[in-house]
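Fit the two chains together into the complex; they arrive one by one in their own frames, and the hints show the way.
The lines below spell out each chain.
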Amino acid sequence: EAGVAQSPRYKIIEKRQSVAFWCNPISGHATLYWYQQILGQGPKLLIQFQNNGVVDDSQLPKDRFSAERLKGVDSTLKIQPAKLEDSAVYLCASSLVGLAGPYYEQYFGPGTRLTVT
Amino acid sequence: RKEVEQDPGPFNVPEGATVAFNCTYSNSASQSFFWYRQDCRKEPKLLMSVYSSGNEDGRFTAQLNRASQYISLLIRDSKLSDSATYLCVANTNAGKSTFGDGTTLTVKP
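Here the protein sequences line up with chains A and B, keeping their order.
Mapping of the first sequence onto the working numbering: residues 1 to 117, in sequence order.
Mapping of the second sequence onto the working numbering: residues 118 to 226, in sequence order.
So that you can see chain B by itself, here it is in the shape it has in the complex (with noise of 0.2 Å):
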């Protein structure tokens, strides 16, 4: 069993879709969650952090269980541009960060 699972997806949604991605850990020693995005052929970027019982920046909102070590994103109102592979990331407090093998969004007009 793998670190940090996603939902292997591909989700295929239309714009103004709302759409949530889950994401569990199994690593107690975890302490910190993030979600990156990535484009095709390029390089992961921080989309958000998730802190405590989680946080919203604008149409993304981020969720953290951990009693049930479960993280989600949650996307309204999806755009074109949010189609991009999604990863969950966690860290243990030595830095070691563990990503998921990411969830394949595409939205379509």
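Same shape as in the complex, but just chain A (with noise of 0.2 Å):
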């Protein structure tokens, strides 16, 4: 079975540019999730999607973040303009499951490295 797919691994930029990543999650997944992990610390939810609806976006910085998931399938999650302080491992999630029940685990992409200079 293939895994969540993410593209790119690794991208740099300066600041005040924009950069966009691309999640496919596993077939079938109806549940996908941006995470963004700073170096030290835990995965945070940036937004979640349960199909092509949104269902929890209350940690993303609406004035520069916004994502997609336009088909119910693949997902773009875009950052415009960037800050230094965005500098991250963002990490795409698909689950089988997210409203009826939260007992499914999460599969993780590779993530993708951002560095803002």
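Just so you know, these hints were derived from the structure itself, not from any lab.
Do not rely on the hints blindly, as some may be mistaken.
[Unchecked claim] EDC-like mimics (lysine to aspartate or glutamate), calculated; alpha carbons at most 16 Å apart, straight line:
no.	chain 1	residue 1	chain 2	residue 2
1	A	78	A	105
2	A	62	A	74
3	A	44	B	122
4	B	159	B	174
5	B	159	B	199
6	A	62	A	86
7	A	71	A	86
8	B	162	A	57
9	A	44	B	174
[Claimed, not checked] Covered stretches of chain A (chain B as the covering partner; in silico rule of three or more C-beta atoms under 8 Å from a C-beta of chain B):
no.	segment
10	35 to 47
11	60 to 66
[Said to hold, decoys possible] Anything over 12 Å on all C-beta distances counts as not near chain A; from chain B, calculated:
no.	residue
12	129
13	136
14	217
Just so it is clear, CB atoms sit at the ideal spot from N, CA and C, and this is done for glycine as well.
This is the structure we're talking about:
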């Protein structure tokens, strides 16, 4: 079974530039998550989708971050404009179900390591 | 205060030792709990789920105390390959996941 795919794996940009990350979840997984993981910290949930609807985006800095999952499958996360503090690993994860219960594990992609200079 | 708090670590133990990690959660709406393992520069992977009063998987035992809002992970007979960061996770019924900052374990020969 193919895992969660993410691209690019690495990205270096200057502050105030824009960047986009792509994620393709495991086939059949309705729930998709985007996390930000800063070095030395645990993953912080940015946004959670159930199919193509947003379940939780309370920690998404909406003035600069946006995300979409138009057809309920793959997703993109965009940052515009980037700040130095956005340097982190951006992890995408998927699971079988979210709203129906909290008991399914999340499968993570390899992440995108973003450096903002 | 963070919603999920873990021992800061790092834990440095010799092979064969028993080590325990603690985790507390503050959101009373949390319904299910997990331990994930994260190797350096890799993505997190599920180690164990923790349901009701806890469960065991080989050398690993996870315990849950809902009254105290406390979760633990016990690793017996530590192996070099157990060296990693261990992340505690609490999920609400809505499926929202909150991760702790992790505890780093180094097992030495």
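The hints, checked one at a time:
Distance restraint check for residue 78 of chain A and residue 105 of chain A: the Cα-Cα separation of roughly 26 Å exceeds the 16 Å cut-off, and the hinted pair is therefore not satisfied. Pair hint residue 62 of chain A plus residue 74 of chain A does not hold up; C-alpha atoms about 20 Å apart against a cutoff of 16 Å. Under the criterion of a C-alpha separation no larger than 16 Å, the hint pairing residue 44 of chain A with residue 122 of chain B is consistent with the structure, at around 13 Å. For the hint linking residue 159 of chain B to residue 174 of chain B, the alpha-carbon distance of about 23 Å lies beyond 16 Å, and the restraint is violated.
Distance hint between residue 159 of chain B and residue 199 of chain B is fulfilled; the C-alpha atoms sit about 14 Å from each other, no more than 16 Å. Taken as a hint, the residue 62 of chain A and residue 86 of chain A pair is honoured in the structure, with Cα atoms around 13 Å apart against an allowance of 16 Å. Between residue 71 of chain A and residue 86 of chain A the CA atoms are separated by roughly 27 Å; this puts the pair beyond 16 Å, and the hint is violated. With a CA separation close to 23 Å, the supplied pair residue 162 of chain B and residue 57 of chain A exceeds the 16 Å bound.
For the hint linking residue 44 of chain A to residue 174 of chain B, the alpha-carbon distance of about 27 Å lies beyond 16 Å, and the restraint is violated. For the segment 35 to 47 of chain A, the proposed coverage by chain B is satisfied: 7 residues have a C-beta within less than 8 Å of a C-beta in that chain, meeting the threshold of three. Look at the segment 60 to 66 of chain A against chain B: 0 of its residues bring a Cβ nearer than 8 Å to a Cβ of that chain, fewer than three, so the hint is violated. Residue-level check passed: residue 129 of chain B sits 17 Å from the nearest beta carbon of chain A, beyond 12 Å.
No beta-carbon of chain A comes within 12 Å of the beta-carbon of residue 136 of chain B; the shortest separation is about 19 Å. Chain A draws residue 217 of chain B into its interface by the beta-carbon criterion, the shortest separation being 5 Å against a cut-off of 12 Å.
Hints 1, 2, 4, 7, 8, 9, 11 and 14 from the list above are not met by this structure, while the remaining hints are.
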